[in-house]
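Here is what each chain is made of, one letter per residue.
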Amino acid sequence: MTELSSDMSQFLAFAIDKAEYCVPIMTVREINGWSPATRLPNAPEYMRGVINLRGSIVPIFDLRARFTGELTTEDKTHVVIILAVEARNFGLLVDSVSDILTVGADCIKPAPSESTDAAADFIGGLLMIEERIVALLNVHNLFDLNAVETIQQEVA
Amino acid sequence: MTDELEQFKHTFFIECGELLTDMEERLSALSVESCDRDQFNAIFRAAHSIKGGAGAFGFDPIMRFTHALEATLDELREGRLTLTQPIINLLLKASDAVTRMLDGEKNGQPMEANFGADLLQQMQEITRGGAPAAVMPVIDAPVAVSTGRRATYKISFTPEPHFFDNGSEAAPVLRSLAKLGTMTLEVATLSLPPLAEMQPDTSYFSWTITLETNADEAEISECFEFVSDRATIIVTKQVDEAAVQAEMAAPAEAPPTETAAQKPAATTANAAASSGNGSIRVDLDKIDRLVNTVGELVIAEAMISARLRDMPPQYAATLQREVDELAQYTRELQEAVMAVRMQPVKSVFARMPRLVRDTAAQLGKDIQLVMQGENTEVDKTVIEQLADPLTHMIRNSIDHGIETPDQRVWNDKAEQGTITLSASQRSGRILIEISDDGAGINRSRVLSKAKQKGLIPADATLSHEEIDNLIFLPGFSTAETVTSVSGRGVGMDVVKRNIEGMGGTVYVESVEGQGSHFTISLPLTLAILDGMIVRIGAEHYIIPITSIVETLRPGHEAIHGVNGHSDVINVRGEIIPIVYLSQVFNIPDANHDPDQMLMVMVESGNQKMAIVIDELLGQQQVVIKSFEANAGSVQGISSATILGDGKVSLILEINDLKDMCRGHRPPTPSPTHEMAEAA
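Protein chains in written order, with the numbering used here: chain Y, 1 to 156; chain B, 157 to 835.
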């Protein structure tokens, strides 16, 4: 996370249904509309496939499916956020993008540890802004490559 | 040190690498029976070049060492020293030492000051040259470009027919000439009559000599002093050239003050040294960029062609010819660029004779290595990755394959075992084969070891081939003790993984008592692929053309179920397993016509299988795009490409399919009729 001034950070906020999430702005490469993806065989449901991003092959993950198991019925209004994390590029399929949040470190609270739903593993913290609570995604273990492979082997 | 000098250092290390490889190859080829002057000369020149460069960059220990090496070679080429096996071994060790010393300097961790001191001493003793160290920096000064008058002379030396009558001989004359500098000569043998008419005491030969030397004409004529009345000698001085037969020694010994003067000299020297037959050295990065850009060009051209096909014919016609031309040139460009990265496998094969010699000696076995097809060309990246697996497989053959001389004699075999290493191109792939005439794979031992380690179930029955290929399983080793050569059990499976990582396959065929034959099959290039586009359900996949044997549309009577869980098809007497990708890949709504299933028969290694598809869509050249970095590896898929319509299409990994089939039942209701056993 890059700091703007002493302790301010910026995040891109987006929504799935009514819930709000965000990712560090520096991980965001670009924001595109949905385009059909080529499915990979035996991939988990939330792995929608790969797309051609100006010559490179990028996988697209359905966040709703990752959290709730329910597939997004995608259409032109949906948004794909392309992230670049540790030399890997991948895309997140979400409902819509809202705004860029600039918050100080004091507004970022740790994630609740008692939460038991699937999303809890991927939440790195909570941003408190006025009345909003925006969940900060931990982009590193959202779609761990190894995890994807393990699931594939179980399925096969 | 200036930046320019740093840049030259980099080039120096690269060229030294090549010189040392060449030196080692020649040293390995030396034998006590056949050692000719030319070989010694070539090795001498290599050592000399390295010495010069080392001097320029201040690598004094290397300079001293190579000087001793050079001196030893000088003694050998002059015939003052007779080549013996111990000397060959010493030279080989010396060449290794130089390699390590240079590597040390390259990595910024130079060897300790007295590294190789024992070898140095041995060489000095041999040459009885006394103290080369003291003489060393000065010794070549007279050859320096600035002060010496180094010139090239062309000398024609034609003895008269009765030359020998007074005891004159040509050889000593030529030898003394050679001492004056660097000499090459050509002998004209046209006057030599057929053997029946030849008179042994008549001189028939004449020589044309090119001599690069500081000596003046008087000194040259002195060499011919005793024979001048019996021979025609013409000495002509060539124009002064600073870089004739350029060696890096030349710029190295120029006065160190003028870096400007050094630079052009060094570049001409380097250029001349490496442009023996008009070649240039290019950074791999530049070539990679070129390959990538051409790849994108191929995709763009495919998109244009695709659009043209969709246009109404009256508009399309105006563009068709130009687009066809574009396609043709793009293809030519692509082939030319791929050819740039191709290199002969020789560079990998070159290390093998030494390996065989050393390992065989270590194990007390007598083995000769026969190499074929060394000039077969392969993509550079493949060459680099080939070295390790090849080394291991040859070690394996030596250790486990070839028996000891006693065992061989006892089995009525020749004492000396033979390992044959060959490379060839076949139907779009490179085949590298390693075969030995050793004991073959001990199937009972392999089988029991595999069962013992739990690698296969205890009651499994396997075909001969399947048993042989068990050696590629992880953790497998039948060696009773782990030798330093092989037997640690990490070998063959790593070899297999390396090769598969290159997009290749490896398999073994063996006859007990007679020997084993390993075959590595690699794609010609890693970047572009001829593919067949097929449709299964709503998904498209690409099958590499080089894997396709044929397409079939058998009636359902040709398909048989075996043991209730796998289907096979009988093709002209051969039983081929059937792969239902719709099952293996979980593709919904695949609509295989149960009466006439369309299949593509593919081959992986030496195993065939028939993949069921819904439709054949056509053949296309595609640019391979890896997605592993972003999406991880997917079993059954090797890579992806972008088709003319901009969409991503997946390329099948045929090698994986057989494993993926296990445990999958054919779709029900099965279109086959069950039989107890396949025909």
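Hints are not guaranteed to be accurate.
Straight-line Cα separation of at most 25 Å, SDA-like style, residue types lysine to any residue; simulated pairs [what the hints assert, rightly or not]: (1) B:781 x Y:27; (2) Y:76 x B:802; (3) B:803 x Y:98; (4) B:803 x Y:65; (5) B:442 x Y:54; (6) B:803 x Y:95; (7) B:814 x Y:39; (8) B:781 x Y:85; (9) B:609 x B:665; (10) B:803 x Y:129; (11) B:781 x Y:56; (12) B:803 x Y:100; (13) B:803 x Y:54; (14) B:781 x Y:95.
Which bits of chain Y does chain B cover? Going by a derived footprint, with three or more residues having C-beta under 8 Å, they are [claimed, not checked]: (15) 31-43; (16) 56-69.
Honestly, the hints are just simulated from the structure, not real lab data. For glycine and all other residues, C-beta sits at the position ideal for the given N, C-alpha and C.
A quick look at each hint next to the structure:
1. B:781 x Y:27: holds (24 Å)
2. Y:76 x B:802: The given pair, whose Cα atoms are some 18 Å apart, holds under the 25 Å limit.
3. B:803 x Y:98: Not satisfied, since the Cα-Cα distance of roughly 29 Å exceeds 25 Å.
4. B:803 x Y:65: holds (23 Å)
5. B:442 x Y:54: holds (21 Å)
6. B:803 x Y:95: holds (23 Å)
7. B:814 x Y:39: With a Cα-Cα distance of about 21 Å, the restraint between residue 814 of chain B and residue 39 of chain Y holds, given a limit of 25 Å.
8. B:781 x Y:85: holds (20 Å)
9. B:609 x B:665: Since the Cα atoms of residue 609 of chain B and residue 665 of chain B sit roughly 23 Å apart, the hinted pair holds (cutoff 25 Å).
10. B:803 x Y:129: Violated, at about 41 Å.
11. B:781 x Y:56: holds (7 Å)
12. B:803 x Y:100: Violated, at about 31 Å.
13. B:803 x Y:54: holds (11 Å)
14. B:781 x Y:95: violated (29 Å)
15. 31-43: holds (count 8)
16. 56-69: Result for this restraint: holds, n = 4.
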